[in-house]
Structures are given as structure tokens and as C-alpha cells.
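Engineer: The whole structure should be built from the sequences, with the hints applied where relevant.
Line by line, the protein sequences give chains B and C.
Going by the numbering used here, the first sequence wraps up at 223, each residue one higher than the last.
Going by the numbering used here, the second sequence wraps up at 223, each residue one higher than the last.
Quick caveat, the hints were computed from the structure, so don't treat them as lab data.
Remember, predicted model here, so these are calculated numbers, not experimental data.
Check the hints yourself; a few may be wrong.
Claimed, not checked - Think about it this way: if two alpha-carbon atoms lie no more than 27 angstroms apart in a straight line, the pair counts; the simulated BS3-like pairs of lysine-lysine are:
id, chain 1, residue 1, chain 2, residue 2
1, B, 181, C, 158
2, B, 218, C, 158
3, B, 181, C, 163
4, B, 169, C, 126
Protein chains: 2
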Amino acid sequence: MAKTEKVTQLTKDQLQLIERMGGVLEGGGLAPAPARVSALLLVSHETELPFEEISRLLNLSKSATSNAINLLLTFQRLEYVTRPGERRRYFRVKMFNWKEDMKEKFVAVGQMSAMYKEVLRQRPKSTPEFNRGLADMTDFLDHIVKEMPALFKKWEQKS
Amino acid sequence: MAKTEKVTQLTKDQLQLIERMGGVLEGGGLAPAPARVSALLLVSHETELPFEEISRLLNLSKSATSNAINLLLTFQRLEYVTRPGERRRYFRVKMFNWKEDMKEKFVAVGQMSAMYKEVLRQRPKSTPEFNRGLADMTDFLDHIVKEMPALFKKWEQKS
DNA sequence: TTATTAGTTCTGCGCAAACAGAACCAAAAG
DNA sequence: CTTTTGGTTCTGTTTGCGCAGAACTAATAA
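Structural biologist: The following block contains the structure:
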């Protein structure tokens, strides 16, 4: 079967934006290659791209591409679809997960609070200021966690 | 001047708790040594500890201790006090910064939103679903950022 | 059956982070 | 001036990450 691909290219602006976004995502704990793959799939005019395109557009080796994609798949930040008669997968960002992601973040805040409470439990009463500082903090964190659902709901209604 | 130090020791529970907290803080982007120093100063019954104690209690070399402490100082997560007639500094966690920290986090959320908007601006109109997904997201992020001050205020009143 | 496609897995390299230990240094004590 | 204290800075080692390139593999095509 002959290749009938349209050989798209990224503009300089797109490459630059990918670079910047990549940097931000790296700050969020992602490795460079996965970060760029994520950025690419947001910036590219095509929202679904096959393995080889990703590899080519980002100048990534097959192994780096494979590992990056699989990482993002297991972290649920990517998904793929196939097209009738084609074996290869088309990858795209899973964008409907950001609400879940947010919720998880707030769960993490709750766990933080729990940890500080554990610290507090084993502290001597001889350091009341310090202990109160800690208590204030956990209290605040709990407050945030508790109020979050309302914030979500408020937004959903507004839309 | 003779040494009249009380040679405190950490209990197994404390060491364990420090280890766990250290892990969590590392997850938050801190290196092991700074993470443990932070944890130590929260868990230790003494809220203020001098350099040498930190080094000893955590089995850290002087260089590691020095670097960890200075890192935490520049990031404003630690501060120190001196005591009359003593040259050495006593370090303690700067706990009054967590509100600021939180605010910064939400500023970061705002920047995220800005970045996604930039992506949106350069996207073709030919992918309306995708674009709407993005728009929803930025909208939500902005909503969070906007509502945050109210959440803060509500908590301050409640206390 | 052989060849091609669409990846995955293995091997090895380069680089930076994290730490130890030693040398170093400035301020205070003797 | 000499020594001690309270660190800081330098040097070297270890460790692990992130990637490339090559070897490999399972499905499809020819």
C-alpha cells in the first residue's frame, strides 16, 4: 500500500509554544519527552497523531517516543483511537480528565493535612505556639478541601 | 567554654515519621536532605535546632547539611534566630508562610490558564470540540482562581 | 513464505543531582 | 598570636535519569 500521507510541518511559532509548554509541564514533574508529546498534541492542528508523526515532529527516537507515550497512557493523560483499516494508533490528549485530576489534587491536600495532624499528635504540649501554627494550617487545608465541591458545583451551574 | 549540651535523641517513631514526611516532601520537588531537615524541624520536640544537631540527628555530612539549610533559607522555608552570647544559629521552620505559598500556587494556576488560552488562540477553528474542551478548562481554572480570595476570607472569619 | 509496518525492549552512553570528606575561612575565645 | 567554633566551599564519587540506536517481535501485506 503506497503512502498517501500529508507531510505536515510545525511552524516556528508552534515549535516555540511547544517548547514553552514543555518547560511548564516539566516543572509539574514530567520528563522532557513526555512533556513535549503532551504539548505537541495540544498545539498541533491535528488533534490526533500517529506514533511516527510524533517521533518525527519532535525529533525523538523510537524508544523515547514509545516510552513517553506509554508513560502518558498509564497516567491517563493520553488515549488512542484506531481508524478503520489502519493498524496504527492515533494518539490524542485525554482532556476530559482534568476535572478528575483537580479532584485528585485536592485529595492530596487532604493527605497533607492528615500528615501534619499526625505530627501534631506526637508533639509535646510545651510548644503551644508552634502547635497552634500547625493546627491552624491543618484547619485551613481541611477548609479548602471541604469547600471544594461547592466551588465545582458553582462552576457547573454557571456554565 | 565547656559543653553543657543535652544530648537529645530521636525515638524510633520520630525517625519513622521523618522518613515518611521526607518522602512526601520529596514528592513535592525537594531533594532528600532538605526534605528531611524540614521534617526534622517539624517532628523534633525542640522547635529550634543548631547546625550541628541537625547534622548529627540526620547523619548528614556538614556539606549536605549546609547546602540543605541554605536552600531552605533561600526558599523561605526556614529561618534562624541567635541567642544572647551564642554565635551559632538556631534554625526553625517558617510556618507563617504557608498562606503565601498557597496564594502562589493559585497564581501558578492562573499562569496555566493563560498558557492554555495562548494555545487556544493559535488553534484552527476546524476542531471545535477540542477547542471547546480547552476553553472549558481555562474557564474553570479562572473560576478557581477568582473564587479563592473568598475562600480565604471565609476561613479567616470562621477562626 | 517473505517483507513491511508499528511499534517494544535491550544496551550503552552522557550528564546532572546528591552526598561525603577534606580543605578552607572568619569570628570569637584563650 | 594561637586555637576552637561554626560553618562554607571545593573536589571526587556514586547513582540514576533520559535519551539514542540497534536488536527484536507480533501483526499485516505481498
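Engineer: A separate judgement is required for each hint: does it hold in the structure or not?
Structural biologist: Results for each hint:
With a CA separation close to 18 angstroms, the supplied pair residue 181 of chain B and residue 158 of chain C stays within the 27 angstroms bound. Distance check on the hinted pair: residue 218 of chain B and residue 158 of chain C sit about 35 angstroms apart at the alpha-carbon level, beyond 27 angstroms; violated. Simply put, residue 181 of chain B and residue 163 of chain C have alpha-carbon atoms about 17 angstroms apart, close enough for the 27 angstroms limit, and the pair holds. At roughly 36 angstroms between alpha-carbon atoms, residue 169 of chain B and residue 126 of chain C are farther apart than 27 angstroms, so this suggested pair is violated.
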